[in-house]
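> Knowing the structure of chain A, use the given hints to seat chain B on it.
Number of protein chains: 2
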Amino acid sequence: MTRRVRVVICGFGKVGRNFARLLDTKRQIASERHGIEIELAGVGELKGSVLSDGGIPPSALADYFEENGSLGDYPETGKPGWEGADIVREAARTNVLVETTPTDIKTGEPALTHIRLALERGWHVVSANKGPFIRNYKSLKSLADSKGVAIKLSAAAAAALPTLDVAQTCLAGAEILSIEGVLNGTSNFILSRMRTDNMSYDDALAEAQRLGIAETDPTLDVEGIDTANKLALITNVAMGADLLPEQVDRTGITGISADEVRRETANGKIIRLVGSALKDKQGGIRASVAPIGLSADHPLASVDGSEKGITYTTDTMDRITVSGGKSDPRGAAAALYKDLLNIYRAP
Amino acid sequence: MTRRVRVVICGFGKVGRNFARLLDTKRQIASERHGIEIELAGVGELKGSVLSDGGIPPSALADYFEENGSLGDYPETGKPGWEGADIVREAARTNVLVETTPTDIKTGEPALTHIRLALERGWHVVSANKGPFIRNYKSLKSLADSKGVAIKLSAAAAAALPTLDVAQTCLAGAEILSIEGVLNGTSNFILSRMRTDNMSYDDALAEAQRLGIAETDPTLDVEGIDTANKLALITNVAMGADLLPEQVDRTGITGISADEVRRETANGKIIRLVGSALKDKQGGIRASVAPIGLSADHPLASVDGSEKGITYTTDTMDRITVSGGKSDPRGAAAALYKDLLNIYRAP
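Residue numbers (our numbering), protein chains in the order written: chain A, 880 to 1226; chain B, 880 to 1226.
Just so you know, these hints were derived from the structure itself, not from any lab.
Being a predicted model, the structure only gives us computed values, none of them experimental.
Please note that the accuracy of each hint is not assured.
If several chains are the same, the list does not tell them apart, and a pair holds so long as it fits within one copy or across any two.
[Claimed, not checked] Simulated crosslink set (SDA-like; lysine to any residue; CA at most 20 Å straight-line):
no.	residue 1	residue 2
1	Lys1148	Asp1183
2	Lys1017	Thr1095
3	Lys1160	Arg885
4	Lys1020	Ile908
5	Lys1148	Ala1175
6	Lys1158	Ala1169
7	Lys1148	His1177
8	Lys1148	Thr1075
Okay, chain A solo, but in the shape it has when bound (with noise of 0.2 Å):
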């Protein structure tokens, strides 16, 4: 009783071709845990795409692409000059949408078209990429809603770190009252050195970008701005708001001082970058992102290095935190595999 699942994947980089080798290396458990039997149909990338009626050798294809750069000259199933678009509007008899574009946090594209796209056509969409989701989460699940399928953005909101699924699954009847969460690796490993090797901001950051955890502009990170992108998604996501980023009062780590770090040490504290949202009691939402001084009980003091972790408080559940999981592309591909896996899980 193998059911047969088609995906699309949108973007081949490290983590669509992570992806696509999780459908091989794991096609055992999707079978004999989830009675699936996932096919790939297509993978749309910029310079050329693939698409087969009778489904693509995944990993075979994530080698040949690693390879050669592109897909357009994919024997048999090539598609020169096609892009993500054109395969979402062409491939047939497809259930799912797998979302690894890279990342336009302003317009949502190209990723915003592929899913509106693939919304309409009946397919579910589940998507590592948080770009089209952080204005307009509400229209596109009204979308999914209105044709009967998932938006699953697990691995858009924290890569292999459950947020939002344990928002929605393991609080599921609970009322999540706030929200805090350590959720830039970057950030974290930077104050996390500061305090324990008594380094300067400047010097903790060269060690982050020397050990390829920060970019060499590492703005979006170390200013908030990544912080205050995830808390909106998952929020919006968890809380059911309607958060934009720029209405989340952000304040980076850039003007943190090697004396302050020790001040906050001498008093027992622990700082961290937190992104916190806040019910308030005419049902708003006060949301932040700042470098706060935690107690050692806090539940996101232990959250050390480039780890990431965040906590839930409820009304019936008292406080739940969760964390660990990897950031790699590898544990983002994780999170888009347990996501399309859910979609099929009978529960």
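Then chain B, alone, in the frame of chain A:
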């Protein structure tokens, strides 16, 4: 498009009554977010039960029980002399059994009878009672599978701390390589007190008893029996194992001296009673419960006082830890309620 779901509760102690009250207080959430209206079809108790075709007002029934100590004489729908099994046998058009009778680890009764009857009738089962599942999970699960219904055990595993749904939903598709859990709040409270207040075991136990955290006979908690039971249940559900509590290599905390705690603390370690299960290379499971000195950066090191926590180590998502969650009857009731909603939740 609201769907009516009829439930029978067996056992009307604190957890059962708290669950009944949630049916009222969470009515709007169930209908708006999940599209279901939950109707109480009956409640089974030792000294008389209630059963109704038209539905029973849950909070009013809880009030009545708290005043009268039995249900048999409840106006109109009371069934003097009827017990849980009678209600499960007779209830019409019912969808879910919510099982909250007291736990008997050895026989699993009376819950085991209720659950078998309910599954035979094609009802889903949501249970706060782990007794029937310690020895019979596999056979009950295959009975449920053959009937196309679900068994949900969040409340049995660790009340409001999400252990099983993290494993099954948040880690779907990942291979769980090991489980480590601080699963017994009483033992953790005692060890925490010994460490932070330099107390002897006896003094810390006495304080736990005074605060109502430990029972007069604390054997189940401090000898690691409760931890072994929960560990077996979680391991069987999350890792597909077939582990019995007596196969868990078990050491309690009664032999821990204040000196030993001081020594560990001086070495930067924090002693916790940890239940762990590890997949070996042959695919077998090695499981143990023992006090372990955790280094400060272990994610369970910060699970302090009467809190609980669990760490899963996986192949693709790395290490994920969940901690917190209310351990009281309302937390357990909230976990039952969550499981019930998730049976009917769209992906």
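> So, for every hint listed, does it hold in this structure?
Results for each hint:
1. Lys1148 - Asp1183: both (13 Å within a copy, 17 Å between copies)
2. Lys1017 - Thr1095: For lysine 1017 and threonine 1095, neither the intra-copy (34 Å) nor the inter-copy (53 Å) Cα distance is at most 20 Å.
3. Lys1160 - Arg885: This pair counts as neither: shortest intra-copy Cα distance 46 Å, inter-copy 34 Å.
4. Lys1020 - Ile908: For lysine 1020 and isoleucine 908, only the inter-copy Cα distance (18 Å) is at most 20 Å; the intra-copy one is 29 Å.
5. Lys1148 - Ala1175: Classified as both: same-chain Cα gap 6 Å, cross-chain 15 Å, threshold 20 Å.
6. Lys1158 - Ala1169: Within one copy only: 18 Å inside, 41 Å across.
7. Lys1148 - His1177: Classified as both; 10 Å inside a copy, 19 Å across copies.
8. Lys1148 - Thr1075: For lysine 1148 and threonine 1075, both the intra-copy (12 Å) and inter-copy (17 Å) Cα distances are at most 20 Å.
The structure is inconsistent with the numbered hints 2 and 3, although it conforms to all the rest.
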